[in-house]
Amino acid sequence: MTLAGFPDAAPLDGLIGGTLIGLAATIVLVGLGRIAGVSGIAAKAAGLGGSGMDRASAWAFIIGLPLGALAIAILRGGLEPSFAGPVPLIIAGLLVGFGTRLGSGCTSGHGVCGISRLSGRSIVATITFMAAGIATVAVMNAGGWEVLS
Amino acid sequence: MKPLVSLLAGILFGAGLTVGGMTDPARVRGFLDLFGDWDPTLAFVMGAALVVMAIAWRVVPGMARPMFEEKFHIPTKSELTSPLIGGSVLFGVGWGIAGLCPGPGFAALAIEPASAAIFVAAMLAGMALLRLVEGKP
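Heads up: the protein sequence lines correspond to chains A and B, in order.
1 is the number of the first residue of the first sequence in our numbering; add one for each residue after it.
1 is the number of the first residue of the second sequence in our numbering; add one for each residue after it.
If you want a taste of the chain A side facing chain B, the calculated C-beta under 10 Å gives, among others: (1) 30; (2) 57; (3) 65.
No lab work stands behind these hints, which were simulated from the structure alone.
None of these values were measured; they are calculated from a predicted model.
Even for Gly, the Cβ is constructed at its ideal location relative to N, Cα and C.
Same shape as in the complex, but just chain B (with noise of 0.2 Å):
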């Protein structure tokens, strides 16, 4: 069941990113191009997928469990850490030059799959790139 759930929340999750634009670098880039030609269309998926799991967090606390898991694994960490905003900037700064983050990588699999499939290599061994540096198997 819970691949089930996993999947429809998969594809709901990527027709979101496509309806938006979050498919198209060009309008992704144009929302960071905030001191040049800029369009806000970004800022409207933001704010409605906040304002949506903002009530989903309301609901959370009220709820024994989730539906088809024993219990909620929520971050506990609070820390503001030097791995944290490094890589943070790091991925901005890969996000400017092309224009994709990880969900559209992946949705445009089915829009564009030549290009897509490059940046999902990439990013994928960035990943695995990672757990060399840290020494993780």
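Next up, chain A with everything else stripped away, as it sits in the complex (with noise of 0.2 Å):
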């Protein structure tokens, strides 16, 4: 299934992909009774404060993630993604840990638990991370930084 004037894009992946993602934050909301918010989860497995769920939830909850991926890039045949390199991972994830824990949140929890919910605070956060990453990308484009090999 293609998007007309969007030859790229891939509506029916992300259609069911997002079907999925809704189902894992369903089971952890009504079988858990919490947000599946990836950052607070992975702060709690790390030892660093984070979400209220139990340890051992939190740390099952983060293995899954790329067992999750695995079975998908095996059902696939494998899968090509081209990553940043060293420096920009690394000034990227030094951003993402401080701001989605300084901002109580990320893409899973305010932009899919807490709009759904809307909460005022999670459309804040997620229109304010999403203009932030637009902006980002627009102002490196322009300078031509090009990041991904």
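Reassemble the complex: the two chains are provided individually, in unrelated frames, and hints are given to aid placement.
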């Protein structure tokens, strides 16, 4: 399935992927009574505060993420995404770690779980980090900084 | 039981991120490239996830308690604070630079281990740095 005007877009994959993410967040909410916010769960697993989830469950969730990705990579006969080099990865990682904890959430906690319950804080946070991301890519493109190999 | 439920959720989440293209930084940066060669795929990811979760939020009020936990733990804060805004700005800049947010960072450990490990290590260091700045152990 393609989208007119956007030859590179994969809308069907997007809908399937989003549905799986929504089901996963539903399991965390209905099963464990909590928000499936990856930054908070990761902080909990690492012993850096974060989610009120018990630590074993936090570890289990984090370990599940690459297992799910591995299953898809096998099903699709390998994936070949391009990643940034070490320096941009380190700068980005520091900003993402510091920023998501300071801002109490990331794409999953604010973007999916928060917006769907119409939390004002999450709506504002999501608009803010999306705008910042859009501005960052625009500035980098204008400056000719190519990060992906 | 709780860790098993959480593991299942993590696996589904990681699979969803990967199918949706969020573990591919080029796809994510394409979505953020609104003023250039825009790739709307992530809007479909987010839209579908929001629809499913909106249904989940409708089910919750009718439940006495979660299936495997004593009670629900839902955030109650409503104030728009400067840490919320400032933190989200920093996160967005980092997201834009490398095209990775926390979930896909962990999921990508199974796809491009060396790159993902650098990102995850730096992300955890960033979280630790905030704890340091806030004076928490």
